[in-house]
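Novice: Here is how the chains run, residue by residue.
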Amino acid sequence: AQKVTQAQTEISVVEKEDVTLDCVYETRDTTYYLFWYKQPPSGELVFLIRRNSFDEQNEISGRYSWNFQKSTSSFNFTITASQVVDSAVYFCALSEHYSSNTGKLIFGQGTTLQVKP
Amino acid sequence: ETGVTQTPRHLVMGMTNKKSLKCEQHLGHNAMYWYKQSAKKPLELMFVYSLEERVENNSVPSRFSPECPNSSHLFLHLHTLQPEDSALYLCASSQDAVTRSTDTQYFGPGTRLTVL
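Sequences listed follow chains A and B, in order. Counting from 22, one number per residue, gives the positions in the first sequence under this note's numbering. Counting from 23, one number per residue, gives the positions in the second sequence under this note's numbering.
Treat the hints with care, as some may be off.
Cut-off 25 Å, straight-line C-alpha distance, at most; resulting in silico cross-link-like pairs (DSS-like, lysine-lysine) [as the list claims (entries may be wrong)]:
| hint | chain 1 | residue 1 | chain 2 | residue 2 |
| --- | --- | --- | --- | --- |
| 1 | B | K63 | B | K44 |
| 2 | A | K37 | A | K91 |
| 3 | A | K59 | B | K40 |
| 4 | A | K24 | B | K44 |
| 5 | B | K40 | A | K125 |
| 6 | B | K62 | A | K137 |
Keep in mind the hints are simulated off the structure, nothing from the lab. Note that the structure is a prediction, hence the values are computed from the model and not measured.
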């Protein structure tokens with residue numbers, strides 16, 4: 022069965038610290054996509070990244086980086102030099118590429134990140 | 023307007039009221055979604071529409087009634103709700119839910135619903 026686990030419920034760091042948010046997934050599909058979304062207090066889920074199961078290269082975008090490891094079914098997200106504006110709930114999600122899938126995204130429980138000044 | 027918009031942003035209703043949530047996407051997408059986000063629970067997919075046709079109904083009670091008059095607009099009609107239906111209701115859109123089911127979904131800001 023498909024499942025996404027974000028074991029860290031809440032993380033609190035001081036500004037400029039690096040922080041890693043963990044995501045572990047389960048799927049039987051060989052072709053799937055992984056996502057990270059950010060949900061600030063305003064409520065909107067902001068898309069951060071989409072990665073397919075055949076691309077294990079790490080990705081960096083500014084202060085954000087993602088480490089995808091199929092061997093451990095993990096897709097972790099690191100924020101370097103965190104800022105107060107990074108405070109939000111972060112969701113990891115999985116979408117499987119099977120014929121009857123109609124856009125179903127499986128979300129983790131989310132990790133609340135608080136960055137203190 | 024850009025992206026995905028939702029109105030109203032906040033709604034308080036009694037259990038006997040009838041109200042509607044509106045979602046509009048300005049991304050040229052063909053698929054639209056309703057999600058429910060309750061406290062302490064993962065996001066739950068409620069409905070999926072592709073080219074105005076409902077392709078997914080995730081065992082949602084009949085007191086929630088979706089409507090998709092065209093690929094840019096999505097409504098969620100509410101009637102005789104229960105207090106446990108209080109939640110953030112999020113709308114999303116993507117290029118296509120059938121032929122490109124793993125495409126990125128873009129979300130609106132949500133409607134915070136409180137049922138008294």
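Novice: State for each hint whether it applies.
Specialist: Checked hints:
1. B:K63 - B:K44: 23 Å, holds
2. A:K37 - A:K91: At roughly 30 Å apart (the allowed maximum being 25 Å), A:K91 and A:K37 break the hint.
3. A:K59 - B:K40: Judged against 25 Å, a Cα distance of about 32 Å means the pair is violated.
4. A:K24 - B:K44: Outside the cut-off at roughly 30 Å; violated.
5. B:K40 - A:K125: Between B:K40 and A:K125 the Cα gap is close to 28 Å, so the pair fails against 25 Å, i.e. violated.
6. B:K62 - A:K137: Given that 25 Å is the threshold and the Cα spacing comes to 23 Å, the pair holds.
The structure is inconsistent with the numbered hints 2, 3, 4 and 5, although it conforms to all the rest.
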